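Trainee: Same order as they appear, the protein sequences are chains A and B.
Numbers given in the working numbering equal positions in the first sequence, counted from 1, plus 814.
Numbers given in the working numbering equal positions in the second sequence, counted from 1, plus 12.
I should point out that these hints are in silico values taken from the structure, not numbers from a laboratory.
Check each hint, because a few of them may be wrong.
As the list claims (entries may be wrong) - The following residues of chain A were derived to be distant from chain B, with all beta-carbon distances above 12 Å:
1) Asn855
2) Asn875
3) Thr886
4) Ser887
5) Ser894
6) Ser926
As the list claims (entries may be wrong) - Once the Cα atoms are required to be at most 20 Å apart in a straight line, the calculated SDA-like pairs of lysine to any residue come out as:
7) B/Lys69 x A/Ala909
8) A/Lys916 x B/Arg120
9) A/Lys863 x B/Glu112
10) A/Lys916 x B/Ser107
11) A/Lys916 x B/Gly54
12) A/Lys863 x B/His41
13) B/Lys69 x A/Lys883
14) A/Lys863 x A/Phe881
15) B/Lys69 x A/Gln816
16) A/Lys916 x B/Ala14
17) A/Lys883 x A/Ala909
18) A/Lys916 x B/Thr92
To be verified - Computed Cβ-Cβ distance ranges for the label pairs, DEER-style:
19) B/Asn89 x A/Pro832: 25 to 33 Å
20) A/Ser926 x B/Glu112: 21 to 29 Å
21) A/Leu860 x B/Pro51: 18 to 26 Å
As the structure is a prediction and not an experimental result, all values here were calculated from the model.
All C-beta atoms, glycine included, are put in the ideal place defined by N, C-alpha and C.
Here's the letter readout for the chains.
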Amino acid sequence: AQSVTQLDSQVPVFEEAPVELRCNYSSSVSVYLFWYVQYPNQGLQLLLKYLSGSTLVKGINGFEAEFNKSQTSFHLRKPSVHISDTAEYFCAVSAAGTSYDKVIFGPGTSLSVIP
Amino acid sequence: KAGVTQTPRYLIKTRGQQVTLSCSPISGHRSVSWYQQTPGQGLQFLFEYFSETQRNKGNFPGRFSGRQFSNSRSEMNVSTLELGDSALYLCASSSGRHYEQYFGPGTRLTVT
Numbered sequence: 815a816q817s818v819t820q821l822d823s824q825v826p827v828f829e830e831a832p833v834e835l836r837c838n839y840s841s842s843v844s845v846y847l848f849w850y851v852q853y854p855n856q857g858l859q860l861l862l863k864y865l866s867g868s869t870l871v872k873g874i875n876g877f878e879a880e881f882n883k884s885q886t887s888f889h890l891r892k893p894s895v896h897i898s899d900t901a902e903y904f905c906a907v908s909a910a911g912t913s914y915d916k917v918i919f920g921p922g923t924s925l926s927v928i929p
Numbered sequence: 013k014a015g016v017t018q019t020p021r022y023l024i025k026t027r028g029q030q031v032t033l034s035c036s037p038i039s040g041h042r043s044v045s046w047y048q049q050t051p052g053q054g055l056q057f058l059f060e061y062f063s064e065t066q067r068n069k070g071n072f073p074g075r076f077s078g079r080q081f082s083n084s085r086s087e088m089n090v091s092t093l094e095l096g097d098s099a100l101y102l103c104a105s106s107s108g109r110h111y112e113q114y115f116g117p118g119t120r121l122t123v124t
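In isolation and in its complexed conformation, chain A is listed as follows (with noise of 0.2 Å):
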């Protein structure tokens, strides 16, 4: 079974300032992993997502995370966030393969941007 962990519920950055949003994972087999956003009072949206290949994934909205396996870590990344991005940000899991496992879904980081 897949678990994820954010470890962030809650993070506060000024206008224009960069922003990490940790995801941590844990499975005995290989991963997809997801990042998904949600505004109030709106579902989830799609920011990117891991499959294979490259361990650096770019995705909307000026995202990007990098997949690191040694440390079974998939962190958000942005170099300098809007307020329009003040929202919700999951990070989820999947077992990768033929048959399908549910994805599973971290907590949520709260991310607030300050003017």
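Add chain B to chain A, keeping to what the hints say.
Mentor: For chain B alone, coordinates are given in the frame of chain A:
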């Protein structure tokens, strides 16, 4: 393509009643998953349907059930509602490829 739609968007029920929520996936998607989101428990997986069959199930009591129709539309039913069932219920559809999911806006259920 139209996105995932969920109806109704908001619902108020009283304890002991039952409720049915509906989800229409993106055209061509055969997998539909349901999640419960609460401030205390976060995003919890309820179940997933693929081609009308329940393929995965989370750790929820039997009061929570679902089904999927031949057109991939899905319904979720909660019987004998409890106050703790108040939550945002999210539906997500997937083509099945790499488990990438597309979420609907959710149904906000309030149990009084």
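Trainee: State for each hint whether it applies.
Mentor: We went through each hint and held it up to the structure:
Non-interface status of A/Asn855 relative to chain B is broken: a Cβ of that chain comes within 12 Å, the nearest being about 8 Å off. The claim that A/Asn875 is not at the interface with chain B holds, since no C-beta of that chain comes within 12 Å of its own (minimum 16 Å). Listed as a non-interface residue, A/Thr886 keeps its Cβ farther than 12 Å from every Cβ of chain B; the least gap is roughly 18 Å. No beta-carbon of chain B comes within 12 Å of the beta-carbon of A/Ser887; the shortest separation is about 20 Å.
Residue placement check: A/Ser894 keeps its beta carbon more than 12 Å from all beta carbons of chain B (closest about 27 Å). The claim that A/Ser926 lies off the interface holds: its Cβ sits roughly 16 Å from the closest Cβ of chain B, which is beyond the 12 Å cut-off. For the hint linking B/Lys69 to A/Ala909, the alpha-carbon distance of about 16 Å falls within 20 Å, and the restraint holds. Between A/Lys916 and B/Arg120 the alpha-carbon distance is near 23 Å, which puts this suggested pair outside the 20 Å criterion.
The suggested pairing of A/Lys863 with B/Glu112 holds, with an alpha-carbon distance near 8 Å, which does not exceed 20 Å. Proposed proximity of A/Lys916 and B/Ser107 is supported: the alpha carbons are some 14 Å apart, at most 20 Å. Between A/Lys916 and B/Gly54, the direct Cα distance comes to roughly 16 Å. Compliance with the 20 Å bound is thereby established for this hinted pair. A hinted pair counts as satisfied when its Cα atoms are at most 20 Å apart, and A/Lys863 with B/His41 qualifies at roughly 19 Å.
Restraint check: the Cα-Cα separation between B/Lys69 and A/Lys883 comes to about 28 Å, which exceeds 20 Å; the hinted pair is violated. At most 20 Å may separate the alpha-carbon atoms for a hinted pair to count; A/Lys863 and A/Phe881 meet this at roughly 10 Å. For the proposed pair B/Lys69 and A/Gln816, the alpha carbon gap of about 15 Å is at most 20 Å, so the pair holds. Between the alpha carbons of A/Lys916 and B/Ala14 the distance comes to roughly 24 Å, so the proposed pair goes past 20 Å and is violated.
In summary, the hint linking A/Lys883 to A/Ala909 is supported, as the alpha carbons are separated by about 14 Å, within the 20 Å threshold. Restraint check: the Cα-Cα separation between A/Lys916 and B/Thr92 comes to about 27 Å, which exceeds 20 Å; the hinted pair is violated. One distance hint, 25 to 33 Å for the beta-carbon pair B/Asn89 and A/Pro832, is violated here, with the actual separation near 46 Å. A hinted range of 21 to 29 Å for the beta carbons of A/Ser926 and B/Glu112 is consistent with their spacing of about 27 Å.
A/Leu860 and B/Pro51 have their C-beta atoms about 23 Å apart, which keeps the hinted 18 to 26 Å range intact.
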